[in-house]
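**Student:** For the sequence shown, position 55 matches number 54 in numbering that gives the first Met the number 0, and the numbering has no gaps at all.
Think of the hints as simulated: they come from the structure by calculation, not from any bench.
Where is the CB? At the ideal position from N, CA and C, for every residue including glycine.
Misleading hints may appear alongside valid ones.
As the list claims (entries may be wrong) - Computed beta-carbon distance windows for the label pairs: (1) Ser54 - Ile155: 20 to 26 Å; (2) Arg59 - Asp99: 15 to 21 Å; (3) Asp66 - Glu111: 16 to 22 Å; (4) Asn104 - Arg59: 21 to 27 Å; (5) Gln128 - Ile60: 27 to 33 Å; (6) Ala158 - Glu61: 36 to 42 Å; (7) Arg157 - Ser54: 38 to 44 Å.
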Amino acid sequence: MRAAERGRIERGCAMLRFLSSATAFLLVAAKASAGLAYGRLYWSDNESGRIQRASLNGARIETVVADAGRPWGVAVDAESGRLYWAEDDPFSLPAIMSCDLDGSNRRVLVSEPWDPGMQFPQFIALDAQGGKMYYTNANARSIERANLDGTGAKTILRAELNGPVGIA
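Can you build the whole structure from these sequences, using the hints too?
**Tutor:** In structure tokens:
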């Protein structure tokens, strides 16, 4: 609890805890992923279907995307002002999604019609300078790559992976 008492954002199993009326800190859910941009922490909560953000001291929590289905990993391209996330919603096709940092201009970038192997995207990493995104496709046991606009999706690694879940 020492880090929380210093007002830092931590990662753990709870969503939000208040230690006192003066000190608040944020604990990102275990089934969530986080990214940083412009002095803010962005995270997904696949149980509520929201992508949210807060300042680095845990204040000013805002919902960026309220109806993301079941978002998993998030990544932020601060230069272009875009937020990317992997979505596995049981009521729609699994996809890699993107929107502006305020939640507007949402786009489906990679999904089954364009990538027949897309089964369970979970985590995502960006190479903004190279114009590429990399994401795990857990059920296909692969790591995929696509251009930041979603074109050119292809498998770059399929080996003895047993449901890859983290990527950086």
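**Student:** None of the hints should be skipped; say for each whether it holds.
**Tutor:** Tested hints:
1. About 36 Å separates the C-beta atoms of Ser54 and Ile155, a value inconsistent with the hinted range of 20 to 26 Å.
2. A beta carbon spacing of about 18 Å between Arg59 and Asp99 agrees with the range 15 to 21 Å that was offered as a hint.
3. Checking the proposed 16 to 22 Å range against Asp66 and Glu111 shows it holds: the Cβ atoms sit about 20 Å from each other.
4. Range check, Asn104 to Arg59: about 22 Å between beta-carbon atoms, so the 21 to 27 Å window is met.
5. Separated by about 30 Å at the C-beta atoms, Gln128 and Ile60 satisfy the suggested range of 27 to 33 Å.
6. Checked against the given bound of 36 to 42 Å, the beta carbons of Ala158 and Glu61, roughly 40 Å apart, stay inside it.
7. Distance hint check: the CB atoms of Arg157 and Ser54 are about 40 Å apart, consistent with the given range 38 to 44 Å.
The structure fails hint 1 only (numbered hints given earlier).
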